[in-house]
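Asker: Each chain is listed here by its residues.
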Amino acid sequence: MAEVVTFYALSVIILAFGLLVVTARNTIYSILFLIVDFLAVALLYAAMNSLLLAMIQVLVYVGGIVVLYLFVVILVNLKRPSEQHVDPGRKSVIGGVMAAAVLAELTVIGVYNAIRPSVVPGAATDVGSVEKVGMALFTNYLIPFEVASMLLLVAMVGAIILAKREL
Amino acid sequence: MIDTVVVPLLKIFVVLNAVLVAVTFMVLLERKVIAWVQVRLGPMRVGPYGVLQPVADVVKLMTKEDITPVKADRWVFTAAPMIALIPALMVFAVIPFGPEVSIFGRRVTLYITDINVGLLYIISVASIGVYGIILAGWSSNSKYPLLASLRASAQLISYEVAVTMTLVSMIVTAGTMSMVGIVNAQLNHGVWYLFAQPLAFFIYFVGGLAETNRAPFDLPEAEQELTGGFHTEYSGMRFALFFLAEYANMIVVSSVATTLFLGGWLRPFPNVAFLGFLDFIPGWIWFLLKTFVWLYIFLWVRATLPRYRYDQLMRLGWKVLIPLAILNVVITATMKVLL
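Protein sequence lines correspond, in order, to chains A and B.
The first sequence runs 1 to 167 under the working numbering.
The second sequence runs 1001 to 1339 under the working numbering.
Some hints here could point you the wrong way.
[Stated by the list, open to error] Within a straight-line C-alpha distance of at most 30 Å, the following computed DSS-like cross-link-like pairs (lysine-lysine) qualify:
hint	chain 1	residue 1	chain 2	residue 2
1	B	1064	A	164
2	B	1060	A	132
3	B	1071	B	1011
4	B	1143	B	1060
5	B	1071	B	1060
6	A	164	B	1060
7	B	1319	B	1336
8	B	1143	B	1071
[To be verified] FRET-style restraints, in silico, Cβ to Cβ:
hint	chain 1	residue 1	chain 2	residue 2	range
9	A	20	B	1198	45 to 53 Å
10	B	1103	A	135	38 to 46 Å
11	B	1105	A	114	49 to 57 Å
12	A	4	B	1049	39 to 47 Å
13	B	1195	A	25	41 to 49 Å
14	B	1017	A	93	54 to 62 Å
15	B	1106	A	132	30 to 38 Å
16	A	132	B	1191	25 to 33 Å
17	B	1185	A	20	18 to 26 Å
Calculated from the structure, these hints are not laboratory results.
The C-beta atom is built at its ideal place from N, Cα and C for all residues, glycine as well.
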């Protein structure tokens, strides 16, 4: 019971702050709401007995990536008036179609699960422990893990080349 | 009920109050130590030898006028000091002050909790504190605080990498992320990790100085260039919250260093039997003594070394400490596999 209450309370918080992020006029406020959002997601992981994931969520997103967002927003000039929304390439139509497709997919998955409930494996309390995650990453999921790290490396090199093109 | 609610709440109450009182006396100690180094007397007026100075300071800060600049962003300006202080205090949840002891016939652990990702919890919670600094500088709507907060956060982020890398090598050495587990691992290995990991110890210490914005890395508060740093526009109790956060962070860095490198609550040479008479001093006193030595070194360094230049600071961080830290991780992992 407590788990259900926690889950729904956190979900409401996450969705509400997600909305605030996209509707806030002030970009700094947007980022602050985003921080609260990420912290709530971390709490959700913690509620699912996955403390490691929760800590990494805080460390990487709250402590790292959003700090850089904040830097960028503070350093660029925000005094100019907001621009009129122009959309010559009809990008918002494409975006809307893709969002609808994702929504439809999620609905199908939800309906399928409601009709045929999957067999829930015995709720292990240590599924998110450091040892379990480490073993999974370096045995069963070794190739996806290495591919993901290659992707990050490529992104890093790309960013350096873009920033230091004239060197 | 008692074990799940009352005892933890009591522990939290005791730890928070102890930290806040310790912070006020740290300020006095800092003034005294620096005065002695400079052959002065330091505060002498309030109470015998000035020992009641913290009380006077707190009363002064509480009763000062609380000013919010007209052009400041009111909400963020109010939130920033709290964002700075709260993570610094949250970290104390996993600091092990001592082993299990018996108080009034009840077995009580001298730490609030022991989670199996304790060290990661400390790194991630502490990384939230940087928002207090950035937002304070931005919301003041003033040049010097903004410059200082950019410096402070750049410095924090740079040195965080090196410090986190050393913590990785400590995790590899101890084989656990739990703070209690790390102390027990030092007991089992029979050596304080200061001696097993001297390079990590050095990097952690330098990084700790830089992360708490202490001299010789106190560029964010360089008075000669930036008037007061990111909290220039703050007054009264809100300024005091930043002050509390800085000193609480110093205590955090010292207690983590004590736990990781100086054996936490263990007595010196925990495996040498003929030194067993040292056990008459309880573990938590050993812990406080070691932490105090660290805090004293913080003050000693501040009184001794001149401030770095900004480019020197960044060069030290990125070109010296981070490569050394990565090298240390590689060596540690290799040794762990070979031995």
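Asker: It remains to establish, for every hint, whether it holds in the given structure.
Answerer: Structure-based check of all given hints:
no.: 1; hint: 1064/B to 164/A; verdict: violated (50 Å)
no.: 2; hint: 1060/B to 132/A; verdict: violated (53 Å)
no.: 3; hint: 1071/B to 1011/B; verdict: violated (42 Å)
no.: 4; hint: 1143/B to 1060/B; verdict: holds (27 Å)
no.: 5; hint: 1071/B to 1060/B; verdict: holds (26 Å)
no.: 6; hint: 164/A to 1060/B; verdict: violated (51 Å)
no.: 7; hint: 1319/B to 1336/B; verdict: holds (26 Å)
no.: 8; hint: 1143/B to 1071/B; verdict: holds (12 Å)
no.: 9; hint: 20/A to 1198/B: 45 to 53 Å; verdict: holds (49 Å)
no.: 10; hint: 1103/B to 135/A: 38 to 46 Å; verdict: holds (39 Å)
no.: 11; hint: 1105/B to 114/A: 49 to 57 Å; verdict: holds (54 Å)
no.: 12; hint: 4/A to 1049/B: 39 to 47 Å; verdict: violated (60 Å)
no.: 13; hint: 1195/B to 25/A: 41 to 49 Å; verdict: violated (57 Å)
no.: 14; hint: 1017/B to 93/A: 54 to 62 Å; verdict: holds (60 Å)
no.: 15; hint: 1106/B to 132/A: 30 to 38 Å; verdict: holds (33 Å)
no.: 16; hint: 132/A to 1191/B: 25 to 33 Å; verdict: holds (30 Å)
no.: 17; hint: 1185/B to 20/A: 18 to 26 Å; verdict: violated (45 Å)
The structure shown violates the earlier hints numbered 1, 2, 3, 6, 12, 13, 17.
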